[in-house]
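From first to last, the protein sequence lines stand for chains A and B. To convert, note that position 156 of the first sequence is 156 in the working numbering; the numbers rise steadily by one, no gaps. To convert, note that position 95 of the second sequence is 318 in the working numbering; the numbers rise steadily by one, no gaps.
Hints were generated in silico from the structure; no laboratory data involved. Ideal placement from N, C-alpha and C gives every residue a C-beta, glycine not left out. Any given hint could turn out to be false.
Computed from the model, here is a short list of chain B residues facing chain A with C-beta under 8 Å [stated by the list, open to error]:
#1 Arg239
#2 Ser453
#3 Ala455
#4 Ala461
#5 Ala543
As a plain string of letters, each chain reads:
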Amino acid sequence: MIRLRNIKKSFPRPDRGRLEVLKGIDCDIEAGEFVAIVGPSGSGKSTLMNILGLLDQPDEGEYTLAGDTVLGLRATDLARLRNRRIGFVFQQFHLLPRTTAVENVELPLVYSDATEPENRAVNALCRVGLEDRLDHYPSQLSGGQQQRVAIARALVTDPELILADEPTGNLDQESTDEIMELFCQLNRGGRTIILITHDQELAARCSSILRIAGGRLIQEEAA
Amino acid sequence: MNKRLLLAGSVRILTRYKLRSFFMSLGIVIGVAALVVMRSMGSGAEQEMLDKIERMFSASSIFIMNTGGAMRGGLRNPGQLTIDDLEAIDDQLEQVIDWDPAVSISSREVQYQGRNRSLRIVGHSERAEFVNERSVSEGEYFSKADVRSASRVALIGSKTAAALFEDQDPVGKQIRIGTSPFRVKGILEPHGVDPHGMDRDDEVHVPITTIMRRLLNVDIIGSAKVIVSSAAEVDETADRIAEILQVRHGLAVDEPDDFSIYTPTQVQKSVKKANRVLTVYLPATAGIALFVAAIVIANIMLIGVRERIAEIGLRKAVGATNRQIGWQFLLESLAVSVISGAIGVGMGAGILVAIARTMNPETRITPDSIILGLVAALVVGILAGFLPARHAALQEPVDALR
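Could you build all of it, start to finish, from the sequences and the hints given here?
Structure follows, in structure tokens:
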């Protein structure tokens, strides 16, 4: 599903010079895996997530997503790949304010050719258990419910890969458990999920763990 | 891309952020309303003026003035136009079917039984009734015999009649023009105010011979109106008349004319030119309001882009291309401007109806002002939306999501 070879990424530093964040990442993630990428903050987790999600390009290296080389593609093609293949879940939910749950979930369909966007959005919301909150605004939903709307949004285009960046970082324990259960359920349904977290306990619930440290990746088996 | 959803999203933003949309639209609504009102009233005023000119100066007529356009020694050439000149023109040009000479006195005391009034006195031939298409509403027009014998008869305007005679019937009564007695022969048909601002219902018409011999003692006439057989012949006839007058007045080739000739197309052109203040420049001031509106919208939208940076990042993450993000923001500004433009046109129409009811019943909304208003709104939308749209489109998704 995902094959990374020697991915390097550095950022310019304010005092000239460059900060090397990723110093050569190699990793393989098979379809259907539920992988946790763990590491302390500042270790390059988010940079790796951005590269995996085609939001950012590495300076060097190879990246194959579902058999296709995805480096060096034009911005428009990357946008299309993100739309079709990847679902994003963020720590801050990133729901549009003053926009109902259904309208939020519809958002990726604005940029696709999918028919019946509203039906699809409603279906996705049913799958995350929000069938009775379709027309609620984010401000009327709890944190856990907001994150479930965001997950529905990630699911609505039926992508092979879901990238979740600290999805439970802003949630209480109960909501965290709910969301993790939802991810496990989606994973059992065959979806590849990459969870980025600094929480060891959450990582332990995944099928495998990739530990990022010093800009490199160490593969670990889940306990 | 699902265009319907994108458009629905843009409209949704506008309806959910009502206060923001209100401030964005305010400038356009006011600017477009002002534009529509000013343009409609300007072209209405111009049309009114052109209609008046048309009434006075029909398409197949030529107007000859005794004064040349050129100055001589700091003074206007006094000219030497005579009735003989006109007779020569009538003889030589068969397309000339009628003509009427005129001489006027700008102000002279007119008196009836102790009531005084300073009025313009105009001398015409009996043919003026047809040449100027203005007859009498009471009494009779003066006759050919009146003109031949320079009789002391007068036609008075309806306002003059009301002022001097109140409810008496003026026809047959004796008035004094200066010191000379005149018999009122008829009351002129109402005509209104002419394009020069003169009230044509408050003046006295007498036979041209009477004014020339008895009131002024002159040989030259002030002006003449010539009617040709068709409007198509006006321009050529005007040239021929100029040639005849140049020869008769003994003007050398390089000498400036001591007369001026006006044709209806020339007059319309100069009226339109003079009215540009009303039809172009005044409406253009509404453009300043619209320009300010564009700046306000651009500003609010730029702030909006900054506030919605996470939204832009998210949209890019879920598959929006730069172009689609740009379109979304441009669409928002276009939606605001077109909707406000339509409201502005409606408001302008309302103001025009109010003006028609209270001040000038002739006031109408003109189709060109509606189109102008909507196009102006659209242009404002594009101008105002372009920069914010570009700014939004070029956001890096990674930076935007941070």
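Against the structure, the hints:
no.: 1; hint: Arg239; result: holds, 4 Å
no.: 2; hint: Ser453; result: violated, 66 Å
no.: 3; hint: Ala455; result: violated, 63 Å
no.: 4; hint: Ala461; result: violated, 67 Å
no.: 5; hint: Ala543; result: holds, 5 Å
When held up to the earlier numbered hints, the structure conflicts with 2, 3 and 4 and fits the remainder.
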